[in-house]
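K.L.:
Sequence:
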Amino acid sequence: MRVALFATCLGDTLFPNAVKSTALLLARLGHEVVFPEGQTCCGQMHVNTGYQPDALPLVSNFADTFGDPSIDAVVAPSGSCVGSVRHQHEIVASRYGTPSLCGRVETVKAKTYELSEFLVDVLGVTDVGAYFPHRVTYHPTCHSLRMLRVGDKPLRLLREVRGLDLIELPEADACCGFGGTFALKNAETSTAMLADKIRNVSTTGAEFCSASDSSCLMHIGGGMSRLQTGTRTVHLAEILCATESEVISA
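Numbering that gives the first Met the number 0 puts the first residue of the sequence shown at 0, with every later residue one more than the last.
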């Protein structure tokens with residue numbers, strides 16, 4: 000299968016290891032991974048803050064960049080950005096675009112997947128040959144859980160990782176408080192939500208808190224670092240890519 004890797008803005012600028020791990024994992028599973036250089040932001044930030052017309056060029060670019068018929072699937076290590084592609088792009092294209100763009104958006108969104116759903120639903124695998132000998136708890140991000148409905152797919156993948164001790168996170172489905180610009184516009188509320196999430200993570204005694212969205216990892220990781228909890232964050236893709244020779248040290 001020819002798979003196009005969508006890096007996302009945060010992946011490109013702040014979490015490159017998550018992007019690299021996604022590419023390495025898919026290649027290890029026997030697929031051709033390509034990286035379309037014309038990719039940019041998906042436009043989620045613009046739509047979420049009320050600037051839908053300004054997202055139109057980004058939506059159009061995404062459809063053009065990943066619309067190559069030779070690309071069988073588009074995969075991103077981000078439930079948030081994939082949620083935007085699958086739900087917001089159609090809205091922007093129908094309101095401000097052309098019938099041609101609407102058609103291209105429909106074609107691309109049908110083959111765009113978050114990493115865990117691609118592995119489980121499309122490839123039909125849960126054991127990817129990973130090895131990660133650490134205590135891990137998993138935070139299911141809002142977009143992956145509520146918009147993409149990935150359900151327990153990330154947990155099914157983690158349960159198959161050799162050496163990994165998966166610890167249930169109390170109140171796991173509660174938002175971490177990031178929410179893009181929500182954390183800026185509603186800082187006090189966001190901080191209170193983050194405090195609840197950090198408290199629940201800390202009760203698990205986990206060495207690592209994992210998630211499938213870099214934005215949540217940035218928020219949770221920043222809070223835990225400031226409080227010196229001793230728990231680190233790691234993207235789901237990095238765990239699934241880890242082997243005995245590439246183990247992340249605690």
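Rather than coming from a laboratory, the hints here were simulated on the basis of the structure. All of these numbers come straight from a predicted model, not from anything done at the bench. Keep in mind that a hint or two might mislead.
In silico lysine to aspartate or glutamate, EDC-like type, Cα no more than 16 Å apart, as pairs [claimed, not checked]:
(1) Lys110 - Asp120
(2) Lys110 - Asp71
(3) Lys19 - Glu36
(4) Lys110 - Glu170
(5) Lys19 - Glu31
(6) Lys110 - Asp164
(7) Lys110 - Glu89
K.L.:
Does each hint fit the structure? Answer for all of them.
P.N.:
Consistency of the hints with the structure:
Between Lys110 and Asp120 the CA atoms are separated by roughly 12 Å; this keeps the pair inside 16 Å, and the hint holds. Pair hint Lys110 plus Asp71 holds up; C-alpha atoms about 7 Å apart against a cutoff of 16 Å. The suggested pairing of Lys19 with Glu36 holds, with an alpha-carbon distance near 15 Å, which does not exceed 16 Å. For the suggested pair Lys110 and Glu170, the alpha carbons sit about 32 Å apart, so the restraint of at most 16 Å is broken.
Note on Lys19 and Glu31: the hinted pairing holds, with a Cα-Cα distance of about 14 Å set against a maximum of 16 Å. For the hint linking Lys110 to Asp164, the alpha-carbon distance of about 33 Å lies beyond 16 Å, and the restraint is violated. Restraint check for Lys110 and Glu89: the C-alpha separation of about 14 Å stays at or below 16 Å, so the hint holds.
In terms of the numbered hints stated before, the structure departs from hints 4, 6, listed from lowest to highest.
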